[in-house]
Each structure stands twice: as structure tokens, then as C-alpha cells.
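*Asks:* Residues per chain, in single letters:
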Amino acid sequence: MAGEEEWPEAAFNSRDPVYLQVVKQFKEMIATGRLRGGQTVPSRRELASRMKINPNTAQKAYKEMEDQNLIVTEGNSPSHITTDADVLRKIRSELLGEAVEAFVESVRRLEAPVEELVELVREKYGRPSAAADNNHDGAGGGQR
Amino acid sequence: MIEVSDIRKRYRRKNVLNGISFKAEKGRITSLIGLNGAGKSTILKAIMGLTPVDGGSIRIGGQPLSPEIYHTIAFVPDRLTLPGSMKLRDGLQLMSDFYPRWNAEKAEDLMSFFRLERGERIGRLSKGTAAKFNLVLGMAQDVDYVLMDEPFSGIDLFSRERIAEVFTSQLVEDRGVLITTHEIGDIEHLVDRAVMLDQGHVIRDFDCEEMRSDHGKSIIDVMREVYRT
Numbered sequence: 647m648a649g650e651e652e653w654p655e656a657a658f659n660s661r662d663p664v665y666l667q668v669v670k671q672f673k674e675m676i677a678t679g680r681l682r683g684g685q686t687v688p689s690r691r692e693l694a695s696r697m698k699i700n701p702n703t704a705q706k707a708y709k710e711m712e713d714q715n716l717i718v719t720e721g722n723s724p725s726h727i728t729t730d731a732d733v734l735r736k737i738r739s740e741l742l743g744e745a746v747e748a749f750v751e752s753v754r755r756l757e758a759p760v761e762e763l764v765e766l767v768r769e770k771y772g773r774p775s776a777a778a779d780n781n782h783d784g785a786g787g788g789q790r
Numbered sequence: 002m003i004e005v006s007d008i009r010k011r012y013r014r015k016n017v018l019n020g021i022s023f024k025a026e027k028g029r030i031t032s033l034i035g036l037n038g039a040g041k042s043t044i045l046k047a048i049m050g051l052t053p054v055d056g057g058s059i060r061i062g063g064q065p066l067s068p069e070i071y072h073t074i075a076f077v078p079d080r081l082t083l084p085g086s087m088k089l090r091d092g093l094q095l096m097s098d099f100y101p102r103w104n105a106e107k108a109e110d111l112m113s114f115f116r117l118e119r120g121e122r123i124g125r126l127s128k129g130t131a132a133k134f135n136l137v138l139g140m141a142q143d144v145d146y147v148l149m150d151e152p153f154s155g156i157d158l159f160s161r162e163r164i165a166e167v168f169t170s171q172l173v174e175d176r177g178v179l180i181t182t183h184e185i186g187d188i189e190h191l192v193d194r195a196v197m198l199d200q201g202h203v204i205r206d207f208d209c210e211e212m213r214s215d216h217g218k219s220i221i222d223v224m225r226e227v228y229r230t
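Here the protein sequences come in this chain order: X and B. Under my numbering, the first residue of the first sequence is numbered 647, with each subsequent residue one higher. Under my numbering, the first residue of the second sequence is numbered 2, with each subsequent residue one higher.
It cannot be assumed that every hint is accurate.
[Said to hold, decoys possible] Taking lysine to aspartate or glutamate and the EDC-like style, the derived pairs with C-alpha atoms no more than 16 angstroms apart in a straight line are:
1. X/Lys698 with B/Asp193
2. B/Lys24 with B/Asp145
3. X/Lys698 with B/Glu109
4. B/Lys218 with X/Asp662
5. B/Lys107 with B/Asp145
6. B/Lys88 with B/Glu121
[To be verified] Just a few of them, taken from the derived set where beta-carbon distance is under 10 angstroms, the chain X residues facing chain B:
7. Thr678
8. Ser695
9. Arg696
10. Met697
11. Ile699
12. Asn700
13. Thr703
14. Phe749
15. Lys770
16. Tyr771
[Said to hold, decoys possible] Simulated restraints on C-beta separations:
17. X/Leu756 with B/Arg11: 55 to 63 angstroms
18. B/Gly124 with X/Ala657: 34 to 42 angstroms
19. X/Gly721 with B/Asn37: 22 to 30 angstroms
Quick caveat, the hints were computed from the structure, so don't treat them as lab data. Since this is a predicted model, take the numbers as computed values, not measurements. Each residue gets a CB set at the ideal place from its N, CA and C atoms; glycine is no exception.
Go ahead and model the full structure; you've got the sequences and the hints to work with.
*Replies:* Right under this line is the structure:
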């Protein structure tokens with residue numbers, strides 16, 4: 647689905663390691679279906695110039711993704727996204743978990759009651775179907 | 002690897018370099034950071050043998066400096082040194098005549114990457130365009146190390162962005178790049194190692210990704226710590 651031209655030009659923050667920010671980009675693309683299991687990933691060189699990063703950083707990001715079993719390299723063929731359904735599923739929950747954690751962290755300081763937050767999230771989140779999905783996670787997490 | 006060990010220099014009764022030591026490895030981008038007058042340019046000139054030092058040693062690929070060693074390094078000074086009356090085309094010819102490691106194909110690629118016109122006169126280039134051409138002269142040589150003195154200084158944002166892109170290309174792969182700058186912002190994400198100087202001393206020397214993962218600090222954060230006192 648993801649045309650090669652659609653590769654995002656990432657805006658990096660300067661306090662998190664760049665290679666980890668690249669890994670996160672990949673995870674987001676996988677979670678949103680722009681990169682699918684089995685799809686070939688760009689060469690290290692291509693990745694560097696597309697994301698405007700140092701080739702060393704591209705190398706390090708791929709190494710990290712290999713260690714996390716996100717991409718697979720077999721012999722001389724180009725690396726591709728894993729087809730391991732378990733790994734792919736975990737990416738989505740990991741990203742959601744991180745995002746929710748950051749959100750909770752920042753609203754905790756305001757000491758807002760959970761019901762109010764859930765209501766606000768539902769309102770802001772807008773799209774009914776997505777909001778319904780979110781409802782389960784949000785409410786479940788909130789009551790613990 | 003470029004290995005600078007304990008180099009010292011005194012100039013006009015002032016200590017300019019007070020025992021500077023650091024390494025710039027092949028395949029990595031190392032940045033010498035410091036405010037004006039910290040000794041950055043002097044260090045590059047010392048490596049190039051353009052200014053004498055009073056002590057210490059400089060080795061390149063394990064060898065002491067020698068005329069042969071200089072075929073493995075290119076130096077991009079802080080301004081174009083070719084005569085202003087020359088056209089860019091003549092500048093490229095001069096490089097090809099005098100530099101055995103000149104790679105015309107690479108020069109061609111860079112000229113079109115920067116959209117430079119061969120018929121223009123060097124003296125009539127804008128600051129940004131001159132900086133780009135200056136970079137072509139250095140990067141188009143097949144050398145192991147490239148030294149750059151303030152390639153981003155005093156030029157417009159879009160030229161700076163274009164120049165920074167060179168650091169994401171295969172032009173920097175397998176080479177050691179040593180770059181001086183007092184404004185790291187343009188290349189904050191591209192630098193592998195930062196060596197910070199103050200009054201002729203190395204005050205910090207660190208791996209940038211490690212600094213981010215171990216301390217959550219950007220290069221600019223560290224600069225604030227060390228220079229704003």
C-alpha cells in the first residue's frame with residue numbers, strides 16, 4: 647500500500663536517540679498498515695537519504711529492528727518486515743500503551759477525575775467508531 | 002582515524018591550544034564545537050600542516066603527517082580560495098589538474114545536486130552558493146577524511162538545509178568527516194561525536210546518541226551547560 651514516495655520526512659526531537667526515533671517511525675507505519683508484514687524495507691543508504699539521517703544512524707536503526715525481530719534479513723536478499731503475527735500485533739499495543747502513558751502522566755498533574763477525562767477523550771477523539779473502540783481500552787484502564 | 006594528541010600552540014603571547022587531544026574516526030561525523038576563538042580553525046589548520054604547533058602529535062591512519070598523507074585528506078576552508086575571476090568550470094578543471102584523487106563524476110553529481118552553473122564566475126556567487134561550490138571542491142575528492150571549517154556559517158536557511166543533506170548521503174559513508182561549527186542546530190541529528198572546546202582545552206568529548214539515551218540531553222543542552230556560566 648505504501649508507495650515508496652510516501653515515506654515520511656521525520657521531524658526529530660533532539661533529546662531522544664535518533665535511531666530509536668527511526669525505529670518508532672517504522673512501528674507507526676507498521677501499526678497503521680503503511681508497511682505490511684513481508685514488505686521489503688529500503689536499503690540503509692536509501693533510508694538515510696529519505697529520512698535525512700546519517701548513514702550510521704540508519705545502520706543502527708536497522709540493527710535495533712533486527713534485534714527486536716521487526717525486520718528479517720536472510721542471506722543476501724534485501725531485509726523485509728517480519729511476518730510474525732505475534733510481533734506485529736505487539737507493535738500496536740506497545741505504541742498505544744506508550745501514548746496513553748504519556749497522556750496519563752501529563753493529566754495526572756491536573757488531578758482530573760477519570761470520568762471527566764474519558765468524556766473529554768471521547769469528545770475530542772471524534773470519529774464514532776474509533777471512539778467506541780477506544781472506549782474499551784480507556785474505561786478498562788481507568789478503573790483499575 | 003585522525004588522532005590529535007596533546008597539541009599545543011602559543012601565538013602572540015597567548016596560549017591558543019593548551020594540549021588538545023581527540024580522535025576523529027573513519028565512517029563517523031565528528032564535530033568540533035566551540036564559541037568563536039576557542040581554537041577550532043587552528044586545530045584544522047594544524048592537521049593540514051598550515052600552521053605550526055609547539056608540541057604534541059597528529060597521526061592520520063596511524064601515520065605521522067607527510068606529503069603523501071595529504072592525498073588522503075581534503076580540506077574545505079571557511080571560504081572559497083579560488084580566484085574570483087575564474088568560472089566554476091575553470092575551478093573544476095584546476096582541481097582535476099592538481100588533485101590526483103579528484104573524481105570528476107562525483108563533482109558532476111554534486112554540481113547538479115546543488116544546481117550550480119558552470120558558466121558563473123566565482124566572484125559573483127552569493128554566500129550560500131559559494132559555500133556549496135566550496136563543498137563540491139572538497140567532497141568530490143576520493144579521500145578518507147574531509148575537514149570542513151564552518152560550512153554553515155553566515156548562509157541562508159535553505160542553503161544550510163541543502164548542505165546538511167550531503168551528510169545523509171553516501172558521500173560521507175566510509176569517510177571520516179571532521180567539521181567545526183559554532184551553531185550545531187543545522188546538524189544536531191547528523192553528528193556522531195561532539196568534541197567541545199573552550200579556550201584551547203577540550204572540555205567535553207562524547208558520543209551524541211549515547212548522550213541522548215543515557216542522559217536525555219541534546220548537544221545544545223550540553224552546550225548550555227558548558228558555555229553558559
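*Asks:* Quick one, is the X/Ser695 hint okay against chain B at 10 angstroms, beta carbons?
*Replies:* Interface hint status for X/Ser695: holds (5 angstroms vs cutoff 10 angstroms).
*Asks:* Hint check: B/Lys218 vs X/Asp662, CA-CA at most 16 angstroms. Holds or violated?
*Replies:* holds (8 angstroms)
*Asks:* Verify the interface restraint on X/Ile699: the C-beta must sit less than 10 angstroms from at least one C-beta of chain B.
*Replies:* OK, holds: X/Ile699 within 10 angstroms of chain B, min 6 angstroms.
*Asks:* Interface hint check: X/Met697, Cβ to nearest Cβ on chain B, cutoff 10 angstroms. Holds or violated?
*Replies:* Holds, about 8 angstroms.
*Asks:* A closest beta-carbon separation below 10 angstroms is what the hint needs, so does X/Lys770 meet it against chain B?
*Replies:* violated (29 angstroms)
*Asks:* Against the 16 angstroms threshold, does the CA-CA distance of X/Lys698 and B/Asp193 hold or violate the hint?
*Replies:* Cα-Cα ~14 angstroms, so holds.
*Asks:* Between B/Gly124 and X/Ala657, does the beta-carbon spacing fit 34 to 42 angstroms?
*Replies:* holds (38 angstroms)
*Asks:* For the pair X/Gly721 and B/Asn37, does the Cβ-Cβ distance stay inside 22 to 30 angstroms?
*Replies:* Between X/Gly721 and B/Asn37, where Cβ atoms are some 53 angstroms apart, the hint is violated.
*Asks:* Hint check: B/Lys88 vs B/Glu121, CA-CA at most 16 angstroms. Holds or violated?
*Replies:* holds (5 angstroms)
*Asks:* Go through the hint on X/Thr703 and say holds or violated, using the shortest Cβ distance to chain B against 10 angstroms.
*Replies:* holds (7 angstroms)
*Asks:* Hey, B/Lys107 versus B/Asp145, does the alpha-carbon distance stay inside 16 angstroms?
*Replies:* holds (15 angstroms)
*Asks:* Measuring from the C-beta of X/Asn700 to each C-beta in chain B, is the shortest one below 10 angstroms?
*Replies:* Constraint on X/Asn700 satisfied, holds at 5 angstroms.
Taken one by one, the earlier hints fail for this structure at numbers 3, 7, 14, 15, 16 and 19, listed in ascending order.
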